[in-house]
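Since the structure of chain A is provided, determine the placement of chains B, C and D on it from the hints.
Residue numbers (this note's numbering), protein chains in the order written: chain A, 1 to 320; chain B, 1 to 320; chain C, 1 to 320; chain D, 1 to 320.
Hint data in this document are derived by calculation from the structure and do not stem from the laboratory.
Any given hint could be a false lead.
Intra- or inter-copy, both count: the list cannot distinguish identical chains.
What the hints assert, rightly or not - Here are the computed lysine to any residue pairs in the SDA-like style, where the Cα-Cα straight-line distance is at most 25 Å:
#1 LYS226 <-> TYR15
#2 LYS226 <-> ASP60
#3 LYS56 <-> SER45
#4 LYS56 <-> GLY78
#5 LYS226 <-> ARG304
#6 LYS226 <-> CYS177
#7 LYS56 <-> ALA230
#8 LYS226 <-> VAL50
#9 LYS226 <-> CYS82
#10 LYS56 <-> GLU225
#11 LYS56 <-> PRO101
#12 LYS56 <-> ASN116
#13 LYS226 <-> GLU308
#14 LYS56 <-> GLU117
#15 LYS56 <-> PRO238
#16 LYS56 <-> LEU155
#17 LYS56 <-> PRO231
#18 LYS226 <-> TYR62
#19 LYS56 <-> TYR143
#20 LYS56 <-> VAL188
#21 LYS56 <-> GLU5
#22 LYS56 <-> ALA178
#23 LYS226 <-> ARG28
Number of protein chains: 4
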Amino acid sequence: MSLAETAREIRTENYSYAFSPYPEPIARVASGELLDIFTDDAFESRVQSVDDLPSKVLTDPYLNPQTGPIFVEGAEPGDTLCVEILEIAPERDFVASAHIPYFGGLTGTAATAMLNEPLPERVFIYPLRDGFVEMPHGVRIPYAPFLGTIGTAPLFEAISSLTPGPFGGNMDVADVCAGNVVRLPVRVEGAYFYTGDAHAAQGDGELCGVACEMTARVRLRLTVEKGTAAPWPRIVSPGQLMSVGSARPMEDAARIAYHDLLTWLEADYGWDRWEAYQLLTQAGRVRLGNMVDPQYSVVAKIDRELAEAARSGRGGDGVR
Amino acid sequence: MSLAETAREIRTENYSYAFSPYPEPIARVASGELLDIFTDDAFESRVQSVDDLPSKVLTDPYLNPQTGPIFVEGAEPGDTLCVEILEIAPERDFVASAHIPYFGGLTGTAATAMLNEPLPERVFIYPLRDGFVEMPHGVRIPYAPFLGTIGTAPLFEAISSLTPGPFGGNMDVADVCAGNVVRLPVRVEGAYFYTGDAHAAQGDGELCGVACEMTARVRLRLTVEKGTAAPWPRIVSPGQLMSVGSARPMEDAARIAYHDLLTWLEADYGWDRWEAYQLLTQAGRVRLGNMVDPQYSVVAKIDRELAEAARSGRGGDGVR
Amino acid sequence: MSLAETAREIRTENYSYAFSPYPEPIARVASGELLDIFTDDAFESRVQSVDDLPSKVLTDPYLNPQTGPIFVEGAEPGDTLCVEILEIAPERDFVASAHIPYFGGLTGTAATAMLNEPLPERVFIYPLRDGFVEMPHGVRIPYAPFLGTIGTAPLFEAISSLTPGPFGGNMDVADVCAGNVVRLPVRVEGAYFYTGDAHAAQGDGELCGVACEMTARVRLRLTVEKGTAAPWPRIVSPGQLMSVGSARPMEDAARIAYHDLLTWLEADYGWDRWEAYQLLTQAGRVRLGNMVDPQYSVVAKIDRELAEAARSGRGGDGVR
Amino acid sequence: MSLAETAREIRTENYSYAFSPYPEPIARVASGELLDIFTDDAFESRVQSVDDLPSKVLTDPYLNPQTGPIFVEGAEPGDTLCVEILEIAPERDFVASAHIPYFGGLTGTAATAMLNEPLPERVFIYPLRDGFVEMPHGVRIPYAPFLGTIGTAPLFEAISSLTPGPFGGNMDVADVCAGNVVRLPVRVEGAYFYTGDAHAAQGDGELCGVACEMTARVRLRLTVEKGTAAPWPRIVSPGQLMSVGSARPMEDAARIAYHDLLTWLEADYGWDRWEAYQLLTQAGRVRLGNMVDPQYSVVAKIDRELAEAARSGRGGDGVR
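Only chain A is shown next, with the shape it has when bound in the complex (with noise of 0.2 Å):
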């Protein structure tokens, strides 16, 4: 790939709220091409400044905007679809958060509903500059951007832009980054691939729901991969194998994490299970994505230099 090379741009002003089959395409791409992918924020710009507090600015059910969905040219039902991310550029000079009433890790809500008086309403805006997100007190924080949101349509169901699952959606996991492949099921013809909800930085699990939200220009590449299919996203960085889950409760994310890990371990690297089962256990990693939507996301993680070992025929039986 060259950066050099020319790059098709997608974008649209008719945006998804949801991952589904049952949309138009906005766009049809063929497998590899390269694409730059323009997305808004999760409140589709209308939090500008500490005044546009949602209550106010988002008071339809419409939220988190993705742009799609995109077809992609051979994708169909068993194959996987490689989302290669190659950068994700901001769009403005700015980020947004903010503390919306009933929502978030350590306030009541809709599903774990409570008596008690929502937390504060409050819209933060930070300026992004220099490759920091500077927040008050002088704290910056490093631009890290990444897609909370990412997948690929159900077979039949269209679930919300909110929620994570199988397909993807909205994971809110840092690993979903520049440099890193995403591979999503295909289930569809076409594969019908949304994105959107960048983040230019957010601490694990998103604690208040709303990490540093920006527009983007989203440059990738979707490629598939035929007859491939896992049950739950992947990702492959240069140095780790990753699975994520969405469940709750959040045990079962984690759950469906690692036995997905475990499996592509079998079935890929050579792993015997009670062998790979150990090797996660001293060596598997876990990053939380959110605990804040409407199915929690965790990632678990396996050095690739590790899974590897089981068929590279290197010496040492672990034997004392």
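Quick look at chains B, C and D alone, frame taken from chain A:
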């Protein structure tokens, strides 16, 4: 501290299996005294070969032996016991792990009760050599020792050493390692400190329920800090502040950890509540301790440099 | 209502497998019209003998067929669709149940992912005779039919008919029976009503995941009530008010159900919030719908006589 | 049993606040002896009027006083302690409830940690008159007393009397009432029986966390049954067999309860495992004990008539 300083050795044959105010202390120490505490492994050294199946050798309910209680002079309810961990040295040249029926993160258990047959029972013995745990296939995992279990006595409860809680206990958090200070609440006179369950290495979550279990000599100091008890264990590393929450479901452990860390920022670091909520949202980090114990343990973290910004008086107001 | 009144029959061969606003309605009905809706069983009648193992006959992802969508004239977003269930009559003389691999309440599943082998697959066919389901050993369970699945379309999501939610869906709540009125929120024009999955009998929780599945003729009326949509399904029986919450973990389903019931008492029955909290604490009742679906369903109930007390003006002030 | 028989009275001023093997027994009784045990309320009678706010009168951590331990002659580890409850009589003419900050089912708590302000604190005092608890608005709830807390000592743990577990404890299960037999595991010599926390009435789940708290005289017999300890508490009523599971999340409590009931049917009632799974799926019943304690309690039930069918040899084979 000088490592040349002579440490007082604390050993016992009379282990405890609970964090409890009821046993007689095995030692009384001065605040700040340099100690070498010897800990047995979680199996009380009954698993030494692959033939020592847990169902054969672990037939009584006394598991995870703790060295303690250690009475710390001057510690009174309401104080904090600061545990400065200086070194965790192995006492043998191998570690043990096992797949124990109806125990672990990817199997039905006594609590997540299921009708499925148990997973196959199996013991794993790995050499500990040249700074690595040596697993099969040439997999070498860096020796990164920590104390799986560390805590003080609750006020009047006696809690199994398999369980973590506000008193510390079986947290299986890799940040309980040399170089860090663990802050534990004192609930009874003398604090009644216990530790054990050293791990030579462990993945996040301790997936199968048994890490690289080792016997150890643990060099540490127990220092009493008057009148500062926090509701949950905290850890200070050179770079980070951490709070540990233990609960089920896992999201409650995460909520506790982040909530405690936030109130810590408010109380000791001058943060406004809602700005602290933002800081943790954008820059907090989470580590999963275990997903296998009677309560799961989750660590929430923030960089000390960021935590200290609020009262540093440095410029920058985060306003566009 | 007179049972002599002629009911309009609604049948389809073109089942839906989601609660969705996207399909063409299979019928358009007037508010209040008497209907006989024919429903297939959850297996679409593919399990007729003990040899019809689910792994053989349920090989596609299209499960739990729904009769619908039925367009109800006059229903608009914000309205309530009142479903008055008059009769649920069996269409055959047996019912079917099954133990399906990796599905059910006492087994690892796709969400509670585990490494254990699945439970043995098995089909159970029971005669339905003389008002009883006849199980082995002379066990006779009274025929107590209800609709496992009932709901309206979400605004823009399409949710699998295996899943319950705010729109109703696969709640598996035995109170969805003849004599009761189910109140469902209308989110789209025409409401898009669906039902199916009739059960001849079911224990609380639907433990193995499959009740006494039957084909049925369901006599009911769909009546539009303007402008009263509640956030979650509600049921009114001759003696009780009920709210249904669907979520994971199960405590969130219970929280939703009780929270909705409490706000109902406030809004429609004149209760002070804190007195209503007391009333439900001392006299509320809970039924577990299912503990097997992608979301669990819990019903919270209160006697109508008690609910109506606040505005009845009757004496007694509960003061000593 | 004749109510004319003289019961031995057991009172104490020296309450226990844990299920613990460590205190000195307050009484030693013979197996089968008729006892009148006097229990204080959960507030230790410190809440007598609406002005006795918990934050003022419950300032120490010693809550939910238990009458015990009672040493039962002949009880040894592995036995069952059968508690035959004959009568629960009020010792005063009112009951007390309260909304306690950060406690209850519809509020953030220490475990479900949130940043919301607490609910308003409030005390409710209701007359107990003519067989009813008299609440405001003329609401009269039938007097239906039961023991919120009942249990034996764990082997070496001491568990707060606010918590339920395998030993029984704070289950808040309304089936612990006169006419029923509670079967508790014996883990230490003498069983160390405790009870308290009588409730004059309670809704399923004990929603706000505080039922109609009363002082009581409890007439019961403690009978030792040799060698039959079950892993979880069981209850036998004239019509039903019940198992109680206590855990978080709530689905684990339900899994435990149904799993234990199923193994009971296998072991004592001659059921095949998979037919028992079917029986509970089609005819099991569930009651929610509490959704507020450190562990939630769920009861699974089956009619004794159905349970006894497997070995009754009655005809009918459930085959079409």
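>> Of all the hints numbered above, which does this structure not satisfy? Sort the numbers upward.
In response: 1, 8, 10, 15, 19, 21 and 22
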